[in-house]
Structure formats: structure tokens, C-alpha cells
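There are 2 protein chains.
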Amino acid sequence: MTRARNAPHAHHLSWKAENRIVVEAVYPELDGGRYAVKRVVGDEFEVWADIFRDGYDVLGAAVRWCAADDDWREAPMHLVDNDRWCGSFRTDRVGRHIYTIEAWTDRFESWKRDFVKKRDAGQPIGIELVEGGSILRDAVASARKTDGAALKGIAETFERAKTDEARAALLLSDEAGTLVAKSGLRPDATRYHRELELYVDREAARFAAWYEMFPRSQSGLSGKHGTFADCARRLPDVQAMGFDVLYFVPIHPIGALNRKGRNNAVTAAPGDPGSPYAIGGADGGHTDVHPELGTLDDFRKLVAAAHEHGMEVALDYAIQCAPDHPWVKEHPEWFVFRPDGTIKHAENPPKKYQDIVNVNFYGPHREALWNALKNVVLFWVEQGVKIFRVDNPHTKPVPFWEWMIREVQALHPDVLFLSEAFTRPKMLKVLAKAGFTQSYTYFTWRNFKQEFIDYLTELTQGEPREYLRPNFFTNTPDILPPILQRGGRPAFQMRLVLAATLSSVYGIYNGFELCEGRAVPDSEEYADSEKYEYKVWHWNREGNIKDYVVRVNKARRENPALREFTNLRFYRADSESILFYGKMTADRSNMVFVAVNLDPFEAHETTIDFPLGDMKIGHDDAYEAEDLLSGERHLWRGAHQRICLDPHRNPAAIFRVQPFRHVEFREPGV
Amino acid sequence: MTRARNAPHAHHLSWKAENRIVVEAVYPELDGGRYAVKRVVGDEFEVWADIFRDGYDVLGAAVRWCAADDDWREAPMHLVDNDRWCGSFRTDRVGRHIYTIEAWTDRFESWKRDFVKKRDAGQPIGIELVEGGSILRDAVASARKTDGAALKGIAETFERAKTDEARAALLLSDEAGTLVAKSGLRPDATRYHRELELYVDREAARFAAWYEMFPRSQSGLSGKHGTFADCARRLPDVQAMGFDVLYFVPIHPIGALNRKGRNNAVTAAPGDPGSPYAIGGADGGHTDVHPELGTLDDFRKLVAAAHEHGMEVALDYAIQCAPDHPWVKEHPEWFVFRPDGTIKHAENPPKKYQDIVNVNFYGPHREALWNALKNVVLFWVEQGVKIFRVDNPHTKPVPFWEWMIREVQALHPDVLFLSEAFTRPKMLKVLAKAGFTQSYTYFTWRNFKQEFIDYLTELTQGEPREYLRPNFFTNTPDILPPILQRGGRPAFQMRLVLAATLSSVYGIYNGFELCEGRAVPDSEEYADSEKYEYKVWHWNREGNIKDYVVRVNKARRENPALREFTNLRFYRADSESILFYGKMTADRSNMVFVAVNLDPFEAHETTIDFPLGDMKIGHDDAYEAEDLLSGERHLWRGAHQRICLDPHRNPAAIFRVQPFRHVEFREPGV
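Protein sequences, first through last, are from chains A and B.
Read in this note's numbering, the first sequence has 233 at position 233, and its numbers run on one by one without any break.
Read in this note's numbering, the second sequence has 410 at position 410, and its numbers run on one by one without any break.
Chain A with its partners taken away, still in its complex shape:
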């Protein structure tokens, strides 16, 4: 047994003794500084802390921060109440930052406060003035050249002054106060004992609409493998719907060994293409493209074409391999072999997944394997891909993600990672803390009013707001939720509005806009799932909601309040079937309120309560509410309004609210 590393009887706490000022309860701070908090460029980043010291001196404090390769900067903090201080700065570049706090005794302000009290009480002030002058001299010594000269001037005038009144006036002047504050005279300067991390992403980390597709299904012809060129032809349609990110399931060669057949059959029939998630085969592995899709060059052209259409391409990053992945031969040391010499397949006993083998993350060749996996990401970054959707990250070690994401973002701070963390709550959260930019969540299975309120309140008001950005997918190739199987077209509209306005980043898997709702019975799997076959979609088929998608995405783009997430607040609607919520910009220049009928079958009427106080609208003032979905406009007055949402006419309403500023009536001739 070894002794404790930091033996508890260690006597010298010199760093602690240096720090006279208490700086604690810093917010935000995750797990004692273990993980970074997240923001996007342009955010005003607020830092809070309890700051105080012994006795009654006046304090000063500042937030200090720096980007990876930059110098420290600082912003002043101010006392709010009860020893709680706050300061903020605007983030201005992408990448990893650190921040901390410095506090000090404001000797000059303390002196001024006491001096004025004594003078006003008629006490002698002669020695006090000498002491004030001494602080002035210390400030001169501490100041940098430019400010120092001005301070020195004041100090010299002070020395020459003939009367106590003149000396006092000089020391109490605003100019002296400002210059001493700037001088850097900071007795008892104490740094918070931790440097905390802040990761600043580009805006797409928080605001984007995703569209997921299988490139091989884009030929439009039955039994014909789609190509990247086919994908390029789909771009105008996807752009027209208003999407920002075009996300492709894996585009790599698919294994032939133990390949799955249609509808997840254990054995593939001849010609079955297999699941794109069984990666690797005779044609290559994770850095190759499936030959039938085209060449790497074709892929790069598609990425460029997407950019021209105002979109960027996201790729799937799925670490598992098919048993015939080239790595199995080239690097058998990265896999696990059983006592009989066969490779160990993925399994969840008694289920076996024989088309998949997993790498051994903690085998003896860990470093080479981890680097190879990182290099896969870097390879695709070089092809122009800056967003990765990560398959099943919860079955791979958390430390791998933390390391890999940090490594990639150190080189390319604008790369984003979406965690497919459909798993237990704490694993979902720790993946976000470990570095994932966005996370899939339980949204897909939330259907009722209180469920939404509870879950979204946790995400937007609890600690997750600092690190977890939920990407609300309405559906995925693995999940066709019951509400979409049963609720028909109104359910698709309702789920779209919820996903697109509750969160600021959301996605659909193609077919959603066509209201595709056929499932394998008693499951959430699509019938004839695209995962195991080529599919022909008729992109304008009867009953589609593409116009609705256009309007929802347009509302998102045109309303800054919908670009944020943690500004979500729920408001009262007296019907259990109607969810009512809103988002406002901090300055209230944009205010959006959303009412959604959660019942896809019946119309419901309700009274909704607008938070007029928070909207800065008087209770007698009129306001205009324009429903961005129907185009209807209302001129309302008062907090309570009556609305009706009919699933077959208007399953939801997105009200943009503006104060109604009436032109004042002027009497003629006045």
C-alpha cells in the first residue's frame, strides 16, 4: 500500500496563504473545472463569483481570459449583491479559451470612503491626506508609461498644493480615481485557484437545420445505386426547404462477410447492398469511398457544390468495422481474437452482430489505434468536411472522445461533433462534457406537455445549458417514433415545429417531409429500411409537408430569438394538449411565441398567457402577433388570448410579436 499522494499533514500552503481574497462559487464551472463550458462566437460570456475578504476594504475584480495562442485580456467585474460579483466579455474567435478571476484590494477607493466619513464627521484629516498622497505615489510607480505621466502630474500638483482643501479636492477628483484604477496598483491581488476552460464554436454549433440522407438512394431509379452526382442534383431541393447541413450516412466500402440482407435479414441475398454501418471491405476502409458512389474527387466536388448552395456536408463517423475491413488484416493487433483464433464479433448476449467487429481501445497498441482513428477524422477534414455525426459514442471509451476531439479541434477549431448518445442520462451528459459539440437527446420520445416542460427546463435552465446542445432529430434511420407511425401528416407538422423551435439546432431524416410512417410492426424500425437496401423516394409525392418545412426554416432564419437555445421559456396555456412557449432576444427586439397542439387528432382551444412584463409591453398596450406559419395577423391587447389549433388546418402557430406603435393623432393646425 502506498501513502497518499498529497499527504494530508503537509504543512505549507504557501499559495493559499498568498491569496488573501476569497474567490469562490465561480459560475460557470463544470465539475470543479474538469470540463469546458461552451459558447458560440459573438456571445456575451458572463462570469459570476463570490468575492470578499476579511475586514471592510473596498475590492476590485476582473475576469481574465485568453484564447489558445493569445495573450491574456481582462474585463471588469462589479458587485451585484451579497458578495456576488459579475463580469462579462464578448467572445470573438473560435477555439479553446481559458478564463479565471483576479481580485484585489482597492486601496484608493477604501481610503476615499474612510476619508469622506472622517471629514464629514469633522475629524482632523491632515494625516489622512498624507496617506492618500502616499497611495498616489504608489500608483505612479505601478502605472504604465502613458497613464503614468498623467498620474505623476497629479502627484506633483498634490505635493505643491497649499491647503488641505486643495489636496482633498485633487485626491477625490474623478481623474485621480480613474488613473489610479488604471495604474495596476492591486494590493492583495488574488487569482482564483483554477483556470477554467471555455470552448467557443462557430454559430453552426448552436443554430442549424440538418437533413439526413443515404447517398446510395439518390439515383431515383429502382435497383440503381445512387452516386455523388445524383446527390448534387438533390441540392437545390434541399436548399429550397431551408436546410443548412446535409448529413450523409457512411459513404465507405461495405463489408461482404456476414453482410445483412433487406429488413435486417441475417443473410444477404445476392445484390443486397448491406448496411453502410458495416464499414470496410475489399475496396477499402474508413478513408475510402464506396466505388459505386463515385471517387474521392467526386465527393470533394459534391462538398463544393453543397457550399455553393449554402450548405455544408456532415459525415457519419462510425468506428466499427466489417470483418473484412482492411485493418483486420493490416492491424490484427487492434482487434480481439478468441481462443479458437476467430475474431470477436460485436454482441449483446444472446444477440450477435456478426457483420461487425469492434476495435480494442485498450489493447497493447492503443496509441497507434487511437492515432489511426483520429487520422480518419483529419483525412475527411482535408476533404472539406467540418461536421461529424458520431455513431454510438457511448460504446467507445469516453477518454478516447475527450482526447480525439481535443486533438482535432486544436488543429481545426471549427470542426463540430454530434454525439449519437441514445443512452443512459449520465453517459449522454458526460459525452457532451468530454467535448461533443451537440448531442442527440430523448426529444424523439417526449410527447406530452409536462414531459416537454420538465425536460426542456432541465436542458435550458439547469447545468446542461453550459455544455449540452441538443440536436433535436424528429426521426432517424433507426427511429420512427410511434407518434409519427400513428399521427399522420399533422403529427409530422407538429413534431417539426417542436424540434425546430424548442431547440435551435434540429434535424430530419429524409422521408420525414414526405410523412413516411410505415414501420416494422411493434417496433420503431422503418419498414423496408433504407439501411439495408436502395430506396427510391418520390420527393414531391402527395401529402408531403415541404411547404411547411420551408415556412418553419424561414421563421428560424429570420428570427434571431430562434437562433438561441437557453432563452426558451414556457408559458401558461390552460389546455393540457397545447404547449406554449417563447424565445426572446436579450434586448427584446425579437420575440417569438410558439403554440403547438400535441394532439394530432383533435382541435383544441386554449387561453395562452403572454408574459407582458418580460416583453416590456404594458398591460393596456396593443401588440401585433403574426403567425409565421399561416400568415394570419392579430392585433392583441392584454396577456390572455384565446386561440384554436386544428391539426388539419393549423397544428401549430409561430407568433412573431411586436409592440403596436400607433401614430399619435395630431389635431389639425397644431
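Some hints here could point you the wrong way.
Same chains, same label: a pair holds when it works inside one copy or across any pair of copies.
What the hints assert, rightly or not - With a Cα cut of at most 30 Å, we get these calculated BS3-like pairs of lysine-lysine:
(1) 112 - 162
(2) 352 - 112
(3) 112 - 344
(4) 386 - 554
(5) 162 - 152
(6) 352 - 162
(7) 182 - 145
(8) 118 - 162
(9) 152 - 344
(10) 426 - 351
(11) 352 - 374
Since the hints were derived computationally from the structure, they do not count as laboratory data.
The hints should help you fit chain B onto chain A, whose structure is shown.
The following block gives chain B in isolation, referenced to the frame of chain A:
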């Protein structure tokens, strides 16, 4: 500007990568491990954490802890729910400890779980058995000698076994499971990345009744200075009242310069003794005793006599000095002098405290000063004092306290410090976190029902429960609260019961038992305060509540539930004037409920609700409630009981509740 210390683009996180298992949200943990939590010897110390890893393997985990100079020990943790684990150990010695968590993959249990599933599904299990045998061999290699032999036996039997059934039975046997678990085979072993501190005190830290007195007032004769011998004569009376700690205000020489007169007069009259808090003069300083009290030897005798009466002596530790304290001459460098050469007195402008000067904690001679201050404590420890009540700690630097207390407790882990932290809430708390054993609180000013419930719920159920032990003083030489000035004898009884039963450690300043309530008008200062003059107390004067004190302290000693603090819970009483609460031991062998009439003027009736479910008493079962103050006994049934508390007869009731186990009636001859 310097670059960040831990540059955020550092690429290698090797320690993080080693730790495959996530261990987080550890409870208790204060401020990310910055401060120690507190317990007393004999407490069962529970540690909680979220523990999980990627995939679906079975995990194992243990709490690991060690005392200052001891080896690591460990106790198993178990999964409670939702990836939350818990483990505990019983504290068995006083002093500083560290604790952390280790978690690992339980390879053998994972194998067993999967093996059974496959076998039950009728799948081939031959290779699985080979894999199980391989784990067995690894366990043999890992085990220590004694257990290793037994494991080796099993492994050999396994090798010789002829059938799969025999091999399976052996691997699935309890014996194999137990031995492999003990073998120390811990793949993926991950230590929580922090070692946390736990300070274990002796029981007096949490359970004690304090009695505060001025030794100089113990002569019993007007104008005659009391002595330590006089104090010794008081011991039987204080012991009879049931007190554990006899606390003396400072016993050191008192300064003559600027000495205060009676009732805080700025100038002392001839013969005025001055405030004992103006420490130091011609007769010595902090390690000397005031000559009129006796000699150091007399003091040691008094300490010994107190021990013989079952009490220990607590001393005041007040850092300020009188201007004629010997240190001012011997170590002028420890003080601040003004530009005119005069020493800087304490002040709170425009108020001046000219009988006091403060040391300069952050002057150039800090180390010598801090050591001298520490040595004062160590000096008195050598005279037999193990408890220090610290005067105004919030006007001295927090880092000094953290350092000094740690230094002293490293040598004498049984020394206790009480913080007179009558200050802002965050300073009060940080002093407790920095190491003070106990704290004065705002109890003295809490008078109404909801105030008590809110404040005590924060202290007993919030984070402070882990580090802050409130010592509830009913009064102090500085504070005669309005309720005692106005409420008369019933108020003294009521406040006594509240202090003594809400908290487990409490105190009174002498005179309280005599219902002394005369104040300087419009203030909380005692009239003719003992702080500035000798006092003659008539210890058995008319109207005293000494019998009541005896009963309250007896109830405390005889009921283990009252020795704890965080077991306090409030229950319903329908009168706004009656506070009803209880404390129970974990095993419910002792249950005490207290009802207090907060109105010292009028009788109030109320229905009180006993938490029968939590008391493990059925709703139809009878229970006996004995009021330990009045001696009355009740035989009750059901949760709701009606009581009346009359301030002039029974201002409070302390019910000891026991299930009423009736002797079963036996029919004759059966």
C-alpha cells in the same frame, strides 16, 4: 502579459486517457475538493458517485481512504440506481483523512452474466468456457499468497475437469466468484482524479453544552477581582447544571493605554479594570495571565479541576492587542504606523477603537507574525486547553485561519476552534470551510417559526451540513437579544430549549440562567456590562431557571438522537406560534420530539403531527410520549395529537417517544 499556465492546446492528456471509467458527481465534495468535510469519530461516512463506462460490462468500485500517517483502506461500493453508487466506512480516529474512489471492470462477473445468457439461449459455450478459465488464471496471478493458493486449486480443478458442465459449475460457483473478487484483478482500474479531505473530530465538536464566564467576576465580592481559585469553587454548580465546556473570556493582562471605562466609556475611571479583549500590557501579552487572576500554575490547576468535574476549559483567542502590548515594542514590524509615527488603531470610520491595535497580517514580516500567533495557541494547548473560541475571525485573513488551524491540528488533531463569525453569510461559511470546527450563527436573531424552519433546513439539509456545525448561543457578552430583554423568564426557557435541541452544540453566557435581561436602552448591550467592570452575580437569585437547565441538559445527555445535528426534521403544528420538530437515531431506537411555544406571553394550543411512517409506528399502534421537562407521560395513538403550551407553566415540551409494546394476553392453560 504572460501566457496561460496550462496552455489550452496541450495535446497529451495521458492521465485522462488511462481512466476509462467515469467517476464523477462525488458526494460529499466541497468546491471541487478545495475544502475538507467534517465528521466525528464513530460516524458512518457515506460516499456517493456516478460510476459508469462505455459499453455494458459489469463494474466494481470501492471507497478508499487513509488517515494522515496511515495506510490506505477500502470499503466496497454498490450500485444504487441510474449509475449512482454508494459505499461507506466507519470513522475510527481523530484527524485529517483523505478519501477517493477506485472503479474497475469486473471481468469475471461480466463473463458470467454473458455466459449464462448464451447457455440459456442454447448457444455453444465451449470457447466461452476457455475464456472463463483464462480469467481464472489471470486472477491467480493477481491474487496475494493466501487467497492465491485457494484460487490456484480451483484453476487446477478446472483444467482437469472432463465436461463442460463441470467446468461451468466450477466457474459459476460462489467460491470462485468470491476468490476472484478478492484477487485484486481490476482491469481498467480508474481512480477518481481528486483526493478529497475529511476531518474527523472528537464528539465534543458536535455535542457539547457551553457555559461562558468572566473569571474576574467570580469572587462574589463587590469590587474584588476574582481569581482562578474562585472559578474552581464555581465548578460544582456549573457541573450540576450539566455543562461540558467552561469557556473563559480572555485571561491575559489588560492594556492600560486608552483603557475603556464602565459601560464602554471612552476614558476609564481609576480602578476600572478595562475590557479583557484589550489584550497585553506591562504584565505581558497573549501567553501570560492577568496577575490578579493568579499564576499560570493556578490556571493549570483550574483546568485539571474542571476535568475532574467532567468539564473542559475553552479559552478565547482574540488576536487584537492593546497599544501597550509587549509585541508593540518587541515587534513594531508586525503593526502599522502612520506617517506621523503613531501606531494605527482599529477603526470603523468615523468610529475609533483607541484601546485596540491590529497586527498587519500581510506585512513584510508575515511569516514570523503568523508563527507567533500559532505559537500562542500551541502554548495554551500545552497548558491543557483544547478548545478555542476565536474572536471576530472575519476581520482577519481567511488564509491565516486555514493555515493556522491545519498546523495546530496536524500536531493536536483533537483541538477544536469555534468561529465567532457574526458576519455576512458567505464569510461565515468560508470560515467553517477553512477549518473552524464550529461557528456562531444567526440563531440569536431568529424568532419566528418560518425563520427557524428555513434557516435550520439550510443548515441541516443543504451543503453546510457537511462542514458547518452551528454552536447556538442564547446570548453572549455582546448580545442580549430583544426577545430576552422583553420576554422575561418564559423567553429564557424557550430560547434554552431551542438552542439545546435544534443544534447539538449550544451555549449560554452566564446570567442567562438567572434571566438577566437588563440592556442599555435601544441596544443589545447588557446594562453595566461585565465587559468593562467586575460583577457580582447571585447565582441562586429569585426567578432563576437552573432547574430547567438541569432538565434540558439531562435530556440531551440521555438521548442519543439529540447528540446529532443533521437528523433534525420539522413537522406540522397548526399554530403559527408553536414550532414542532424531532430528531431520531438512524435505527429509531431513540426518538425525541420537541414542541416550543415561540410566544413568551400567551398560551397556545395546537395539533402536532407525528411522522409515524418514519418512526416505524403503525397508524393504529399506541406509543408512549414522555415529556422530559414536565415529567408528564402520554399514551397516544395516531399521528395527530393536541397539546397546549403555556409560557408560565410549560413553554416547551421534549417528548421521548417509544412504541408501546403491550404484553400479549395469554389465555390460561395455553
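Evaluate residue 182 and residue 145 at a C-alpha cut-off of 30 Å and name the case that applies: within, between, both or neither. Close inside one copy (12 Å), not across copies (69 Å); limit 30 Å.
Cα distance capped at 30 Å. Does residue 162 pair with residue 152 within a copy, between copies, both, or neither? The answer is within: 18 Å in one copy meets 30 Å, while 97 Å across copies does not.
When no copy is specified for residue 112 and residue 162, does a C-alpha distance of 30 Å or less occur within a copy, between copies, both, or neither? within (20 Å within a copy, 93 Å between copies)
Given a CA cutoff of 30 Å, do residue 386 and residue 554 count as a within-copy pair, a between-copy pair, both, or neither? within (24 Å within a copy, 73 Å between copies)
Intra- versus inter-subunit Cα pairing at 30 Å for residue 112 with residue 344: Classified as between: cross-chain Cα gap 17 Å, same-chain 76 Å, threshold 30 Å.
With identical chains, the pair residue 152 and residue 344 could be close in the same copy or across copies; at 30 Å between alpha carbons, which is it: within, between, both, or neither? between (78 Å within a copy, 28 Å between copies)
Within a copy, between copies, both or neither: where do residue 426 and residue 351 come within 30 Å Cα-Cα? within (25 Å within a copy, 56 Å between copies)
Could you place residue 352 and residue 162 in one of the four classes (within, between, both, neither) given a Cα distance threshold of 30 Å? between (95 Å within a copy, 28 Å between copies)
Is the C-alpha distance from residue 352 to residue 112 at most 30 Å within one copy, between copies, in both cases, or in neither? between (77 Å within a copy, 17 Å between copies)
Between copies, within a copy, both or neither: which fits residue 352 and residue 374 at Cα up to 30 Å? The answer is within: 28 Å in one copy meets 30 Å, while 68 Å across copies does not.
Please sort residue 118 with residue 162 into within, between, both or neither, judging by C-alpha distance up to 30 Å. Classified as within; 21 Å inside a copy, 99 Å across copies.
When the structure is compared with the earlier hints, no violation turns up for any of them.
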